[in-house]
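Undergrad: Using the sequences and the hints, build the whole thing.
If you count by mature numbering (1 follows the signal peptide of the UniProt record, and there is no 0), then the sequence shown holds residues -21 to -1, 1 to 198, one letter each, in order.
Keep in mind that the hints were calculated from the coordinates and are not lab data.
Note that CB positions come from ideal geometry on N, CA and C, so glycine has one too.
Hints may contain errors.
So the derived label-pair ranges between C-beta atoms look like this [unchecked claim]: (1) Ala159 to Pro74: 17 to 25 angstroms; (2) Ala37 to Gly120: 27 to 35 angstroms; (3) Ala85 to Ala115: 31 to 39 angstroms.
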Amino acid sequence: MKATQSCLCAALALAAATANAQFNLQITEIWPGNEPGSNLHEDWFEVTNKGDVAWTTADGELYFDDVSMDVVDAVPLTGVTSIAPGESVIFYNDPASSAEFESVWANVILPQIGLYDGSGLGQGGDGVTLFLSMGAPAGIGDIIDFEQYPDANATGGQSYNVDLAAFSTVGDAAGSLESALANDASQYAVASVGPAVPEPTAVLLSALAACGVLATRRR
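TA: Given below as structure tokens:
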């Protein structure tokens, strides 16, 4: 009986999730640079779609600014035209190419990489503002997420993982690892570049699949 009730709850939840499906873009990781030594590459941040449906540019264009949240300084995020449910993508601060980033992280399977040309992220603490709008953002109403990180001078090369509320360390809960290359002070970057997270509907479908197994075993 308990298994049947659980399956019914999962089915009802799936129906509700489908009826209210939407994308949900969240900043999930921020890399502000190395300390000591020179930066291995430019700054970057990760955006994850924690919703039930894909975001595409038809839903609005993405823009970035730092902690100032200034629409005048907001710059477009280019090179990524869709983000699937559960998908994480990287936006890299170089309007021309992601080649340097790719060489530093040649030891991992990289996600989609978009580009921008905006404010640098400060080692002493800063933030990432994500705007969604048709054309240039007009005000704070176009902000869909904002995340800050604390002083990173003691954690050089480590990304800030928003979900963990901590700087990344090798083998942490996000599966962070070192980059393929080190900087001129022999310091590697540490991050969980592009991990996928299960979107809500997928989790419910998995629960229903488990119910099917349970139903088979009960016959």
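Undergrad: Check the following: the C-beta atoms of alanine 85 and alanine 115 are separated by a distance inside 31 to 39 angstroms.
TA: With Cβ atoms ~35 angstroms apart, the hint holds.
Undergrad: Between alanine 159 and proline 74, is the Cβ distance one that fits in 17 to 25 angstroms?
TA: The hint (17 to 25 angstroms, Cβ to Cβ) holds, given that alanine 159 and proline 74 are roughly 24 angstroms apart.
Undergrad: Range hint 27 to 35 angstroms: satisfied by the CB atoms of alanine 37 and glycine 120?
TA: Since alanine 37 and glycine 120 have Cβ atoms about 20 angstroms apart, the given range 27 to 35 angstroms is violated.
Violated hint for the displayed structure: number 2, the only one.
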